[in-house]
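**Student:** Position chain B relative to chain A; hints supplied.
Number of protein chains: 2
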Amino acid sequence: MDTAENSSQVDLFQIAMSDDDGSQQKNENNGSQQENENDGSQQENDNGSQQENDDITKLSSQTNLEHLKMEEKEEKTANNQTLQNANQQDQSIHPPTGDDHHHDAKESAAKPESNHNEDSSQANINQNGNEENYINDTDLLYAAIMVEDARRGRKGAVMKKMQALKQYQLYFHPLMRFLLYLTITLNFALALFERPAVPGLELPVWATMVMELYCLVFFLLRLLHNRQFVPSAEKFWKDSKSILIIATLLVTVIDMIVYIAMTASGNQQHALRVSRILRPMFIVNFAENRQIRRGLRNIRRTIPKSASVILLLLLCIAMFALLALKLFQSRNLYNPNGTPYFTRLDDSFWRLYVLLTTANDPDVMMPAYDLDNWFALFFISFMIVCYFILNNILLAVVYQNYRSQLREDIAKSVFIRRKLLKNAYNVLGAWTNHHDVYVTREAWCQLLLRMNSLHGSKFRGDTQIHLLWEILDKDDKGYIGLDNFLQVAELLNVEILEVKDQVHYLQRRFPRFYGSKYSVILRKIVLHKFFRYFFDFSILVNAVMIGIGIDAAEIFFLTLFNIEIVLKLYTLGVKEFARIFWNSFDFLVIVSATIMTIIESSQNGWAHTRALLDFVMVLRVLRIIKLIGDINRFQVIVRTVSQILPTFATYGGILLIFYYVYAILGMELFSGLIRYYGYPNGSQPFNQTLLFCGNIKLKGSGFYADRYCGNNFNNLLKSFVLLIELTIVNQWHDILSKHK
Amino acid sequence: MDTAENSSQVDLFQIAMSDDDGSQQKNENNGSQQENENDGSQQENDNGSQQENDDITKLSSQTNLEHLKMEEKEEKTANNQTLQNANQQDQSIHPPTGDDHHHDAKESAAKPESNHNEDSSQANINQNGNEENYINDTDLLYAAIMVEDARRGRKGAVMKKMQALKQYQLYFHPLMRFLLYLTITLNFALALFERPAVPGLELPVWATMVMELYCLVFFLLRLLHNRQFVPSAEKFWKDSKSILIIATLLVTVIDMIVYIAMTASGNQQHALRVSRILRPMFIVNFAENRQIRRGLRNIRRTIPKSASVILLLLLCIAMFALLALKLFQSRNLYNPNGTPYFTRLDDSFWRLYVLLTTANDPDVMMPAYDLDNWFALFFISFMIVCYFILNNILLAVVYQNYRSQLREDIAKSVFIRRKLLKNAYNVLGAWTNHHDVYVTREAWCQLLLRMNSLHGSKFRGDTQIHLLWEILDKDDKGYIGLDNFLQVAELLNVEILEVKDQVHYLQRRFPRFYGSKYSVILRKIVLHKFFRYFFDFSILVNAVMIGIGIDAAEIFFLTLFNIEIVLKLYTLGVKEFARIFWNSFDFLVIVSATIMTIIESSQNGWAHTRALLDFVMVLRVLRIIKLIGDINRFQVIVRTVSQILPTFATYGGILLIFYYVYAILGMELFSGLIRYYGYPNGSQPFNQTLLFCGNIKLKGSGFYADRYCGNNFNNLLKSFVLLIELTIVNQWHDILSKHK
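Listed in order, the protein sequences are those of chains A and B.
Take the first sequence: its position 377, counted from the start at 1, is 378 in my numbering, and no numbers get skipped.
Take the second sequence: its position 568, counted from the start at 1, is 569 in my numbering, and no numbers get skipped.
Note that these hints are calculated values from the structure, not bench results.
Don't take every hint at face value.
Same chains, same label: a pair holds when it works inside one copy or across any pair of copies.
Straight-line Cα separation of at most 30 Å, BS3-like style, residue types lysine-lysine; simulated pairs [stated by the list, open to error]:
no. : residue 1 : residue 2
1   : K306      : K413
2   : K627      : K306
3   : K306      : K530
Just so it is clear, the structure is predicted and the values come from calculations on it, not from any experiment.
If we strip away everything but chain A, and leave its shape as in the complex, we get (with noise of 0.2 Å):
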């Protein structure tokens, strides 16, 4: 491993160009390369002079990626058309120097060992046949992207054209990224602000109005952006993304005029936005959320795969229902609201369904228990048939159907990903005299180089792309071949850290006092165990005087564990000390809490400072969960959880555009139906007409009995918080009933 010892420089080989689209310059390339292929095998064992080679055509790599700084630069001013600009950019490009014989001494080296092999020393390959093998910029840019989609796992879909190659690359700008997931959420956000609005933040329609326009107008330049450089219109137009989003901007600027119509008009009671159900359409279908769309498409397949499950499951619970309506209608039994019990199919249907969720268990069945106790055979059978048997069957039918179909999905993302990385490689390859293609060093050097110019990809330093090449040739052959050059994908998704020795800043500017006999006690007595088991003992007096509520002693505490941050900072010093997430979590909730109470002091105000002391207090409590990072079989736990916590992210998504759309038909449907007064106390007199949520059908309901008049759907938040509830099920069917 010769090369491994300068690997902080990396060797650059300048690109010639002379055409924007690179044709011309690819076919001398290719002439080239093929004259080469004959002569190949007479110049394999002209080697030794390799080293020399690399210093002469090495560049310090500091003016190199000044260079690639100032494309970058004029790439982001490029906003309108970026065709002249390319076209300075190539010319701005240094002329190659010369670099023969590049690699042979390994090949070389190789050699003998290859010798008893009769049939794979064909396979050896000319490494002079890149001589002049210089990359056009436009196969370059394109394999670059390639490359990096297949890190992505984006599909890819780009014309190899430098103006759709240079559009796609503004396309997927981070700056452009964060204007899209900026106007959709604003998109999202809007429901707040429409009638029925969130207390306070109200906005007139015009307002509402102009902000969705401007979302709206931005989602269609996105997609006349994606259509630039899309390769055909024929896949513009058969891909259901776009089309997805054309219809929904079509709906929603049909609404949006009816809207205004029939509010112009004075019909102001019966205007809906019926198409703010289909914001979420906007989430879903731009290329971005790529975890969610394949998240939903799992769930659109799983479910006719289960649906046989599901309606023997319906059936079984229809056949207990007709079941209880014969056994039960003619014994004249009542529920405790007074209601008949069982009398009618639907509502005994109803019951087993809700019984199915366990919402109402008990409840159900006791006027029947009560009547005649072996009636309790019955609904333990319909528990044990439906619930405990078909309901886990069901269960398991849609974990397997969607696992299995998970693993289609990925199957299909690896495919894809190896057809971009196939793309790159025949893009980048050279060719040996048995017309394989291979990935020499420089192509490789150029690629990594061209992709850090890229937006986002600043993670290769020299080092890295030494590092990378030499665990992609492991063999040390010079060159990689299309096996090696798949696993690119995952290799650059690997996170290299480079590890320095770090000097401790006070050790640096302060030795004498740093590495003096007191300071290594006090660094001694701080890093021995004692030290955090004192602390951990404080955390937990310091959480039963919060338990017992003797303030008093917060302020030592406070003090205390300042001290303790201070002395770890100054024994471990800022980086090794913020490395540890346990205590960049200590410091955050420490020193919040110390602003916070020295604020709350200076207030000397109670009743406009509840909240900050609500806040205060939560800080404080929070100082526990320390003792969690302390525990090492929860730390397991904890760093398994923050492992899977992107997959949660993922469904909390999926759940968060259910949560919207039913959010929005919810507010449609039901607002102002329910509101919360307070409830009548015994001593103060009450209005009657505030009763009953402000609305008398709920008289005597379980749902106003229960206090239930804060769950409705009076705006998005308490929307979303009543979705929340029905989504742990507990009490459903009791805050559905007010839809009656």
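**Tutor:** Structure of chain B alone, referenced to chain A:
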């Protein structure tokens, strides 16, 4: 496969036995085998007379089976001691007939193929070695028991002595096991008759005591019986099962004496029968209930491994409880029932713990939510962290640990099975000239016939013995090695069905009538799919009629379905009809409905046929299930369910054990505290002392308001219903609240 032709006949080699212990005979066998090893190579090509020998040595299976049945009867009557009988049996077995060079034909046929491999041809086996290989009866019985135990998953802990083996056979005799199950059931059911008994079933104390004493004596005898054949006393006393049974017996006896003494001295109020909760010990610790024991063991071992997640979950609840206390206690909030809201830490913890089970989902939040909507965030974040994340991680950890535990357990049982089969193999085996053991066809037949004489293994006819041999000896070598023999247990568990072309009874008796033109047309109609569709449709119409409540059509439908059954029986014949589960189901439902309807109409009295009427109604509705059997997609589900039902049964058993323990505990602690007296009806006056479930403490409680008085521990059945309700989780905190 020339032997497959006479597969309905089996070569039977009679066994000579001179000695009960068999050791003398065994030595002789070994001696003769070793002699034959040397000259085996000369006789290898001596073949061709095999078929003739087969004909000479075969016995009609009929005679043989009768003979074996005789043996079994003798065993059954020999409950006290079987030694003498065994001797008689030995003498009743015929002397051997000659059987030389039995399978050499195949041996030499295989020879040419093995010529190219010099090493493997050395493995050729001296077939003539088993010329005088008469296995003595002890060995044979031992081997049979080993194989049987391997089949049934038993541990096979038995001494290799005739007496012990006979005892072992008796111990696992179906009759003895039936007695055991009966006694265990009786012991369990005693709780129905002991105070607090199910109304109408209460027996005097002396009666239940006598019954319990009988159970204890039976268990003791069974334990002593077990001691008779366990290989060593040490092994007996090291077995946790026997120790637990002895301990339970002792505790129960002491408990009974104390109870009698206390009742005699007038302290009946304080006399508890604590040992009753130990009764499930007898279920768990008798060898038969392996599955339940395994399930319990796995649960026991899974809990410690999941401890850290449980602890983290509790810590998380504690932290949120502290936070809730600090946030809400100073705000003077009240629950709907007037109790203060989150004012004590223990109450706070309890409420959040209940919330974790979703049982008080929106209720616990409402007061804070009504005060300030933002407090919803507190509860939502609690639900996300503790319920959605930690709770599910706990589920995953438990699942994972339980699975790996189960896998370990299965690996262990496979190991034991292999050990048993190896034992049997070594006992049965003859030796080759290279000291390799093998099992000959004769030994195989002897083994299977001996196994037939064991109880409950009457599944192997002569055809089957032959067929099994063909499967084991795939290469027609005439012997089976250890590898093949280890598959015996699985192989014997495969149910072999003999498919015969059934000739319809009517076809046999009245061929002309049955084959007549109209009969054939009728049968074609019955087999047509529209015939099925018509009756499926009829069931649907019937269901609708039942739903609407038109009872007049019932007679019509009953006749219709009876006709269907008759037609099907006519077409298919009884056996073919009964082969399909859904037909039998239909037959059962329709015929019992017909009988019940006839009884119902003949009695003409409404009052005392209410239960009968209910039963008829259930039978009517059950008809709908047949529809499920007619739809293919549902059939698959039903078949799957029926396949996993045994697993359900095991866990049902485990659940029963837990229910029993908790029911006994609950009855001892809470019986009589809550009684159901009905509820005030408004119209009629109600005795105040009967209000609140007869317990004034329940005044104003949700328990009474929800009319849960029927949920109590007043007898075993009530307790079971209550525990099932608690298993379904909803409202459990309300049911529990009565303990206050």
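**Student:** None of the hints should be skipped; say for each whether it holds.
**Tutor:** Outcome of the hint check:
When the C-alpha separation of K306 and K413 is checked against a cutoff of 30 Å, the pair qualifies only within one copy, where the shortest distance is 20 Å, while the shortest distance between copies is 38 Å. For the identical chains of this complex, K627 and K306 are inter-copy neighbours only, at 23 Å across copies versus 46 Å inside a copy, given an alpha-carbon limit of 30 Å. Only between protomers do K306 and K530 lie at most 30 Å apart by alpha-carbon distance; the minimum there is 26 Å, versus 56 Å within a single protomer.
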